[in-house]
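Please build the complex by placing chain B on the supplied structure of chain A, with the hints as guidance.
Protein sequence lines, in the order shown, are assigned to chains A and B.
Residue numbering for the first sequence is 1 to 199, as defined by full-length UniProt numbering.
Residue numbering for the second sequence is 1 to 199, as defined by full-length UniProt numbering.
No lab work stands behind these hints: they were computed from the structure.
Don't take every hint at face value.
[Unchecked claim] Listing some non-contacts, in silico: residues in chain A with all C-beta distances to chain B over 10 Å:
{"no.": "1", "residue": "Lys17"}
{"no.": "2", "residue": "Arg129"}
{"no.": "3", "residue": "Asp149"}
{"no.": "4", "residue": "Asp185"}
{"no.": "5", "residue": "Phe199"}
[Claimed, not checked] Per the computed footprint, the stretches of chain B lying under chain A, defined by three or more beta-carbons under 8 Å from a beta-carbon of chain A, are:
{"no.": "6", "stretch": "23-33"}
{"no.": "7", "stretch": "50-56"}
{"no.": "8", "stretch": "108-119"}
{"no.": "9", "stretch": "131-137"}
[Unchecked claim] Once the Cα atoms are required to be at most 20 Å apart in a straight line, the calculated EDC-like pairs of lysine to aspartate or glutamate come out as:
{"no.": "10", "chain 1": "A", "residue 1": "Lys77", "chain 2": "A", "residue 2": "Glu46"}
{"no.": "11", "chain 1": "B", "residue 1": "Lys35", "chain 2": "B", "residue 2": "Glu46"}
{"no.": "12", "chain 1": "A", "residue 1": "Lys36", "chain 2": "B", "residue 2": "Glu53"}
{"no.": "13", "chain 1": "A", "residue 1": "Lys36", "chain 2": "B", "residue 2": "Asp91"}
{"no.": "14", "chain 1": "B", "residue 1": "Lys17", "chain 2": "A", "residue 2": "Asp88"}
{"no.": "15", "chain 1": "B", "residue 1": "Lys35", "chain 2": "A", "residue 2": "Glu121"}
{"no.": "16", "chain 1": "A", "residue 1": "Lys36", "chain 2": "B", "residue 2": "Glu57"}
{"no.": "17", "chain 1": "B", "residue 1": "Lys77", "chain 2": "B", "residue 2": "Glu136"}
{"no.": "18", "chain 1": "B", "residue 1": "Lys35", "chain 2": "B", "residue 2": "Glu9"}
{"no.": "19", "chain 1": "B", "residue 1": "Lys36", "chain 2": "A", "residue 2": "Asp88"}
Glycine included, C-beta positions come from ideal geometry on N, C-alpha and C.
Number of protein chains: 2
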Amino acid sequence: MADSPREIETLIGLMAKLPGLGPRSARRAVLHLIKKRDVQLTPLAEAMRAVAETARECLNCGNISTSDICDICSSEKRAIGEICVVEDVSDLWAMERSQVFRGRYHVLGGTLSALDNVGPEDLRIPQLRDRVAAEEVSEVILALNATIDGQTTAHYIADQLDGTGVRVTSLAQGVPIGGELDYLDDGTITAALKARKAF
Amino acid sequence: MADSPREIETLIGLMAKLPGLGPRSARRAVLHLIKKRDVQLTPLAEAMRAVAETARECLNCGNISTSDICDICSSEKRAIGEICVVEDVSDLWAMERSQVFRGRYHVLGGTLSALDNVGPEDLRIPQLRDRVAAEEVSEVILALNATIDGQTTAHYIADQLDGTGVRVTSLAQGVPIGGELDYLDDGTITAALKARKAF
Chain A
1 MADSPREIET LIGLMAKLPG LGPRSARRAV LHLIKKRDVQ LTPLAEAMRA VAETARECLN
61 CGNISTSDIC DICSSEKRAI GEICVVEDVS DLWAMERSQV FRGRYHVLGG TLSALDNVGP
121 EDLRIPQLRD RVAAEEVSEV ILALNATIDG QTTAHYIADQ LDGTGVRVTS LAQGVPIGGE
181 LDYLDDGTIT AALKARKAF
Chain B
1 MADSPREIET LIGLMAKLPG LGPRSARRAV LHLIKKRDVQ LTPLAEAMRA VAETARECLN
61 CGNISTSDIC DICSSEKRAI GEICVVEDVS DLWAMERSQV FRGRYHVLGG TLSALDNVGP
121 EDLRIPQLRD RVAAEEVSEV ILALNATIDG QTTAHYIADQ LDGTGVRVTS LAQGVPIGGE
181 LDYLDDGTIT AALKARKAF
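If we strip away everything but chain A, and leave its shape as in the complex, we get (with noise of 0.2 Å):
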């Protein structure tokens, strides 16, 4: 593609290394782009300069924020008892579209794991407990992925909760809503049969 112009180029390469883009599709989004300069192009570059400015992590609960604090531990509204814990910024935006959670948040920044080097103080678990300490927490809520690293952790820092006296809890496990026996692995039956209850 050395007949294409450089800026172009340079454009579609970073384009490529977006999830879910590849070199073909950053492409057609660039074209796409180019011949809507002043409705996408444009906006775009803004947008992107604007996150890229203002963006980052509340020192509170390590949320996506444009302020020290972010907008959820701010608000007077979210109940100050019930802290959830996520592994990403994306589990609490999950979170909140199911708009049943009306607590606040602790974002942990992944998961621990001994094959990629992840130790607890890698990520917001230290944070977690000094919260726990200082306010007035009375239910911590694991929601972390169904994963092996996501179950270790929750039982990681289920552990180091002990002892302080707060109620932790997880998500239950079960089949999901509009799920088929069929179409379900046996971790999950088998989690979904522990747990039965009364009908």
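For chain B alone, coordinates are given in the frame of chain A:
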């Protein structure tokens, strides 16, 4: 998502409009970008701004360029006798990737379409006639997509160039390299059979 900052919501909204991305993958891409602010987000914002400011259409062929005449049209290495007519810049890029055509291009900017109300004057067809009249063109290669609209447009252009003395050709149709007959549509097999050649 009223709880996530406005700047980030704006960026996600704009990213979700890109072809190949939806709301979910846009959120993923934006989180990825925020985590890699210095190596990806800032350079991407800058690359978009640069393209928004410099990209324009080549006045001669309609290719995307950063100067009035694109690199291909102004290159002395490209044969001036052959013009390859393509629908869109993405098709030009596809031709260039094959590195076999060494002439120059003419980008129509679409196909004739009665349904979408696209007539010859909406495409770069008059300019093609002008180029054939003004430049020393010996052959016009119609590299339009093998769709109804593409082939209609090809026939129209061939009619328009009738009498100019220029040789009008089109890409061969047949079995794609690596293609299996069982997976090909009837039209392709019919075309390949009609255009069969001595082995």
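Evaluation of the provided hints:
1. The claim that A:Lys17 is not at the interface with chain B is violated, since a C-beta of that chain comes within 10 Å of its own (minimum 6 Å).
2. With a least beta-carbon separation of about 24 Å from chain B, A:Arg129 lies farther than 10 Å from that chain, consistent with its non-interface assignment.
3. Chain B leaves A:Asp149 outside its interface by the beta-carbon criterion, the shortest separation being 18 Å against a cut-off of 10 Å.
4. In this structure A:Asp185 is separated from chain B by more than 10 Å, as the shortest Cβ-Cβ distance comes to about 22 Å.
5. Distance check for A:Phe199 against chain B: the nearest CB is about 34 Å away, which clears 10 Å, and the non-interface claim stands.
6. Coverage of the stretch 23-33 of chain B by chain A holds [criterion: at least 3 residues with CB-CB distance below 8 Å; count 8].
7. Three residues within the 8 Å Cβ limit are the bar, and the stretch 50-56 of chain B against chain A gives 5, so the coverage statement holds.
8. A count of 0 residues in the stretch 108-119 of chain B with a Cβ less than 8 Å from any Cβ of chain A is obtained; the coverage claim is therefore unmet, three being the minimum.
9. For the stretch 131-137 of chain B, the stated coverage by chain A is not satisfied: 0 residues place a CB nearer than 8 Å to a CB of that chain, which falls below the threshold of 3.
10. Restraint check for A:Lys77 and A:Glu46: the C-alpha separation of about 32 Å exceeds 20 Å, so the hint is violated.
11. Annotation: proposed proximity of B:Lys35 to B:Glu46 holds, straight-line Cα distance about 17 Å (limit 20 Å).
12. Between the alpha carbons of A:Lys36 and B:Glu53 the distance comes to roughly 13 Å, so the proposed pair stays at or under 20 Å and holds.
13. Proximity of A:Lys36 to B:Asp91 is assessed by CA-CA distance (about 18 Å); at most 20 Å being required, the pair is judged to hold.
14. Proximity of B:Lys17 to A:Asp88 is assessed by CA-CA distance (about 24 Å); at most 20 Å being required, the pair is judged violated.
15. As the CA atoms of B:Lys35 and A:Glu121 are separated by approximately 19 Å, the hinted pair is consistent with the 20 Å bound.
16. Between A:Lys36 and B:Glu57 the alpha-carbon distance is near 13 Å, which keeps this suggested pair within the 20 Å criterion.
17. The hinted pair formed by B:Lys77 and B:Glu136 meets the criterion: a straight-line CA distance of about 15 Å does not exceed 20 Å.
18. Restraint check for B:Lys35 and B:Glu9: satisfied, since their Cα atoms lie roughly 16 Å apart, inside the 20 Å limit.
19. Our distance criterion of 20 Å between C-alpha atoms is met by B:Lys36 and A:Asp88, whose separation comes to about 15 Å.
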